[in-house]
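S.K.: Here is how the chains run, residue by residue.
Protein chains: 2
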Amino acid sequence: MSERPLLGQLIDALRCLPGVGPKSAQRIAFHLLERDREGGARLARIMADAMTRIRRCCRCRTLTEQDLCALCTNPHRDGGLLCVVEQPSEILAIEQATDFRGLYFVLGGRLSPLDGIGPEELGLDLLDARLSGGEVREVILAISPTVEGSATAHFIAESADRHGVSATRIAHGVPLGGELEYLDGGTLALAFNGRRRL
Amino acid sequence: MSERPLLGQLIDALRCLPGVGPKSAQRIAFHLLERDREGGARLARIMADAMTRIRRCCRCRTLTEQDLCALCTNPHRDGGLLCVVEQPSEILAIEQATDFRGLYFVLGGRLSPLDGIGPEELGLDLLDARLSGGEVREVILAISPTVEGSATAHFIAESADRHGVSATRIAHGVPLGGELEYLDGGTLALAFNGRRRL
Ligand SMILES: [Zn+2]
Ligand SMILES: [Zn+2]
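In order, the protein sequence lines correspond to chains A and B.
Take 1 as the starting number for the first sequence in full-length UniProt numbering and just add one per residue.
Take 1 as the starting number for the second sequence in full-length UniProt numbering and just add one per residue.
Please note that a few of the clues may not be correct.
Treat identical chains as interchangeable: a pair holds within one or across any two.
The list that follows gives simulated cross-link-like pairs (lysine to any residue, SDA-like), each with its CA atoms no further than 25 Å apart [to be verified]:
no. : residue 1 : residue 2
1   : K23       : A41
2   : K23       : R162
3   : K23       : R55
4   : K23       : N193
Bear in mind the hints are in silico, worked out from the structure with no lab data behind them.
The shape of chain A in the complex, shown without the other chains:
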C-alpha cells in the first residue's frame, strides 16, 4: 500500500539507460521478469559491483577496478608507444580495429578553459611525468580534430618535445566532431597507420 509497486519502480529505473523511453522500459522489464530472470539478476549483481568498484587506472586513467588496468600491467605491450585518447571507450575501438600494441593514456576530455577544463583536469601533469621517464619513444595523439582537440594535441606535443619524445597525430579521416568509438574499424585503422609527426 504505502510503497510503490516494484514493477513500476523497475520500469522507471530503466529510464536511466541511454535511449530508453517509457515504452522500451516496459518492454525490457517484462522481458527480464518473464523470460530472463537469471540474466537480469546477474546483470544487477555485476552492475552494482561495477558502479561502486570501477575507478581510474593510476597510470593511464582508463576505467578499471584495479589500481593498474589490464593493459598497463600486460608485459607484452610496448611501453615505448603511448597513444593518447579522449575517452576510455576509444581504447576499446582502437584495440578492436588496429594492431596497435603500445599503451594508452586517457585525457577524459579536451582543454576548454571556458568550461574550467585545464591541464590538471585532463591529467596532463601525469602525462608529462610519463613522457619525461625515458621509456616512451613516440606519443600518438588520437584526439578529435576540433579546435579544442587541436589545442590539446599541441599542448601535449610541446611537452613531448621538451622530453625528446616524438609526437604524431592519427590521420584525419575521422569526421569533424565525430566520435572514434562509432567509426567503422577500417577507417579507424587507416587513420591510425597514416599518423604523421607533429
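Knowing the structure of chain A, use the given hints to seat chain B with the ligands on it.
M.R.: Okay, now just chain B with the ligands, sitting in the frame of chain A:
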C-alpha cells in the same frame, strides 16, 4: 589477473537486455560509468530486488511482489467486471488507454495442446472458481484473434455460461498476431468499447 575485468563483464551482462548488441552494450556501460553512476546503482538495486521478489498475484496472476496486487486490493475497482488478458504487460496498456475500472485475470498465454499449454498452465481452474463465485457479472476477453486465442476465448465463454456470467470479447481492430501492448491507445480504446457478447 585471474578474473575478467569488471568493465568487460558489465558489457557482456548488458547483452541480456532485448535489442542490445555489442556496440549498444559498450555505449550503455560507458554512459553509466562516466555520467550516471547513481542511476546505475539505483537500477542495479531495484533490478536485483525485482528479479527475486516479483512473482504472481494469487488472485489475478499478474506480476507483483505482494500476495495480492495493487489492482486486486483496490476497493475502488468494480469486481463485477473481469477482463482476461494474455500477458501482464497488456494490463498496463489497457489501464493507460481506456477508462476500464474493473479487475483483470492474466492467462500467461493461449491454449496450445501441442506445446503442452492446457487449461492448468493458464490458470483456467482459478478463473473458473472466480466466475462461479457470484461477484463477476461480465467477463471481457481481451485475447488476440488467432486460432489459439479464439479457442481459449471459447473455452472461457463456456465456463462463464455455466456460471451465468455474461462473456464479451473486445472488438477486432487489433491486427492479427499483433500484441496489445504495442497498439496505439486510441485503437485499443475503440476495440475495448466495441466489445460484443459471445
Ligand atoms: Zn592503465
Ligand atoms: Zn491481482
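S.K.: Give the relationship of K23 and N193 under a CA distance limit of 25 Å: within one copy only, between copies only, both, or neither.
M.R.: For K23 and N193, only the inter-copy Cα distance (24 Å) is at most 25 Å; the intra-copy one is 44 Å.
S.K.: At 25 Å max between alpha carbons, let me know whether K23 reaches A41 within a copy, between copies, both or neither.
M.R.: Result: close both inside a copy and across copies, 22 Å intra and 22 Å inter.
S.K.: One pair to classify: K23 and R55, alpha carbons no more than 25 Å apart. Within, between, both, or neither?
M.R.: between (33 Å within a copy, 22 Å between copies)
S.K.: If the cut is 25 Å between Cα atoms, do K23 and R162 qualify within a copy, between copies, both or neither?
M.R.: For K23 and R162, the Cα distance exceeds 25 Å both inside one copy (56 Å) and across copies (39 Å).
The structure shown violates just one earlier hint, number 2.
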